[in-house]
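Peer 1: The chain contents come next:
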Amino acid sequence: MTDLTMGSYETELLLSEKVSPSSFLLTLSKPDRFIDAMPGQFVSIKIGEGISPLLRRPYSIMDITKDSIVLLVRVVGKGSALLASRKKGDLIEIIGPLGGSCFELKDDLNAVFIAGGTGLAPLVFAARKWTKEKKPGELHLLYGAASSNEILADLCMRDFTEVHIATIDGSKGFNGNVVEMFQDLSERGVLPEGQLFSCGPVGMVKALLDSNAASFIDHHTSLEAVMACGVGACRGCVVPLKSKNGIEYRSVCGDGTVFRAEDIDWKRWGK
Amino acid sequence: MKNKNFYIGNTIFKNPVFLASGPAGYGIEYRDLINLEKLGAVVTKTISLMPKEGNSGTRLQETEAGLLNSVGLENVGARCFFEEKFPELLNAGAKPVVSLACEGKEEYISLLEITSKQKKVEAVELNLSCPNVEEGGMAVGTDPELLRWYITKAKLILGNITVLAKLTPNVENISSLAVVSERAGADGITAINTLLGMDINLKSGGPVFDRVVAGLSGPAIMPVALRAVWEIAQVVRIPVIGVGGISSVEDSAKFFAAGAAAVQIGTAIFYDPGLPERIVDSLEV
Ligand SMILES: Cc1cc2nc3c(=O)[nH]c(=O)nc-3n(C[C@H](O)[C@H](O)[C@H](O)COP(=O)(O)OP(=O)(O)OC[C@H]3O[C@@H](n4cnc5c(N)ncnc54)[C@H](O)[C@@H]3O)c2cc1C
Ligand SMILES: Cc1cc2nc3c(=O)[nH]c(=O)nc-3n(C[C@H](O)[C@H](O)[C@H](O)COP(=O)(O)O)c2cc1C
Ligand code: FES
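Sequences listed follow chains A and B, in order.
Residues in the first sequence are numbered from 0 upward in steps of one, following numbering that gives the first Met the number 0.
Residues in the second sequence are numbered from 0 upward in steps of one, following numbering that gives the first Met the number 0.
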């Protein structure tokens, strides 16, 4: 990946749209010097004015346009709730683009994307960027959520060759979780051969590895971890990799967010 | 407080605003966000003789106005540090202060010997909060005898290099340990390191951290740090460097008023990397 320099910027909230009962799409002005980011990279946002909450919150980049940065925010606690309450015109401080590795598609290959929840964001970014800049083969999105009202497929229908939806309650698409759907689709030969890209809860990625994902050329996953610095300095967000000589930790913010799924020591990660 | 050159031991610093050991890593990770050249010094994360992989499990947990960390001194080890990280930090225009681990006695002496051979090292900070592996794991800086031993050895082996003693607040009487440090030859006292804390995961009913206890930093600990600096400044003549929870220009002014000759910024750079430079700008010229 190219060596991108990040910076600290003040952006303006251009648009905040509620896209599901718990999720918001935020469009921020893109600062002049913000260098275009790669899929899997993120920004860290200063949430409040003072010290509550103390730490910045990391969010994947869902899209970069000529003059805006798009993020998908799910309200899960104090910080995300505050972020969702910010209004058009508010100034928001971000640091970015952060992350030392990204999703990469080999020329002409097909890609199967597997998203759980807001794991959708970096995958949409990858699909949009590759469609613009490369000649990708087929791009399939497998996307799972608890219920149909949390499915944000409308946001990205046109970005993929095909979108396959799974809901746990069966209210839309496949009745079950996204990994069960993945297995069903691959058994029925619906999915093209190619690279696999995932982003979602640890349980989802682990289950993918235990399924027949190995039949794909490569499986790269974008990880999340609680972060403090976001720049690889504090060693607070580390993920253990499988290693012959004891334990080997890599930082999700500085070395990731994207790792080969097989390289991660899943026995020690996300307990 | 003035924005001008001053001495601690034999080392000249251009101003009294430093980055604290740890949050900024080797310093270089922050060079795109903080103008390192503008600061008085960058204290590196603590370096041990051998590489350390750090602690397993959760390493960070936010609290009300604070942060618990259990990083466990993960670092690349002295050799790699002096070959790769230290020259990069110098190239970035920073004035490094190298934080040294005070681990087992034999390892510690080797670490001092390696450090003494580095031509460009001007100052070190002894992290006296390291567990005393030989005697039950309490921080070496909690025992006056051990404290004296670690500082005396550093002064002896490091020669002209300036030695700062960084004290742990997890003791009954921090100012008496500051006096012990001064008598043992420390050129300056850094106070404070993190306070011991813990958290419970209500889902599992057990501790959040594999090692149960973790270090508390951030605004929540500032009153404790300020009190420590005040008490220490009353009883020692060597410079006192204040650290703990500084998150505004006003906070730093309070440390200077309490008797600090310099301040260090740690946790605050996570949410406000511009703060150290703003403190420099706030000083009288
Ligand atoms: C690289 C990266 C990219 C991310 N991208 C997105 C995204 O595109 N959209 C999105 O909605 N969220 C994303 N997240 C997760 C997001 O950062 C957290 O949801 C957010 O920090 C929670 O803050 P809070 O104050 O609302 O919740 P808190 O009150 O802090 O916590 C509420 C719950 O969220 C969990 N949580 C807290 N911080 C994190 C975290 N960093 N990662 C995962 N869970 C966390 C806590 O364990 C707790 O269960 C990303 C995280 C990372 C590390
Ligand atoms: C993530 C993290 C890592 C730290 N690592 C070290 C370390 O390696 N050596 C050390 O002496 N202190 C370390 N500290 C302690 C800080 O240097 C400082 O003494 C303490 O955090 C209080 O200051 P603050 O509230 O400004 O952070 C660390 C603190 C944090 C938050
Ligand atoms: S958050 Fe500091 S190393 Fe990743």
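In short, the hints are calculated from the structure, not lab data.
Check each hint, because a few of them may be wrong.
[To be verified] Restraint ranges, calculated between C-beta atoms of paired labels, are given here:
| # | chain 1 | residue 1 | chain 2 | residue 2 | range |
| --- | --- | --- | --- | --- | --- |
| 1 | B | 195 | A | 145 | 33 to 41 Å |
| 2 | A | 137 | B | 209 | 39 to 47 Å |
| 3 | B | 284 | A | 17 | 44 to 52 Å |
| 4 | A | 87 | B | 31 | 51 to 59 Å |
| 5 | B | 37 | A | 11 | 25 to 33 Å |
| 6 | A | 147 | B | 204 | 49 to 57 Å |
| 7 | A | 89 | B | 11 | 39 to 47 Å |
| 8 | A | 21 | B | 5 | 25 to 33 Å |
This one's a predicted model, so the numbers in the text were calculated from it and none came from an experiment.
Glycine included, every Cβ here is placed at the ideal spot set by N, Cα and C.
Peer 1: In this structure, is the beta-carbon distance linking residue 195/B and residue 145/A contained in 33 to 41 Å?
Peer 2: holds, 40 Å
Peer 1: Hint says 51 to 59 Å; check whether the CB-CB distance for residue 87/A and residue 31/B agrees.
Peer 2: Check failed, 30 Å falls outside 51 to 59 Å.
Peer 1: Falls inside 39 to 47 Å, the C-beta gap from residue 137/A to residue 209/B?
Peer 2: holds, 44 Å
Peer 1: Looking only at beta-carbon atoms, does the pair residue 284/B, residue 17/A fall within the given range of 44 to 52 Å?
Peer 2: holds, 51 Å
Peer 1: Using the beta carbons of residue 21/A and residue 5/B, state whether their distance is inside 25 to 33 Å or not.
Peer 2: The hinted range 25 to 33 Å is violated for residue 21/A and residue 5/B, with Cβ atoms some 54 Å apart.
Peer 1: Holds or violated: 39 to 47 Å for the Cβ distance of residue 89/A and residue 11/B?
Peer 2: Roughly 45 Å apart at Cβ, these two residues keep to the hinted range, so it holds.
Peer 1: Per the hint of 25 to 33 Å, is the separation of the Cβ atoms of residue 37/B and residue 11/A within bounds?
Peer 2: holds, 28 Å
Peer 1: A range of 49 to 57 Å was offered for this pair. Does it hold for the Cβ distance of residue 147/A and residue 204/B?
Peer 2: The hinted range 49 to 57 Å is violated for residue 147/A and residue 204/B, with Cβ atoms some 35 Å apart.
When the structure is compared with the earlier hints, violations turn up for hints 4, 6 and 8 and for no others.
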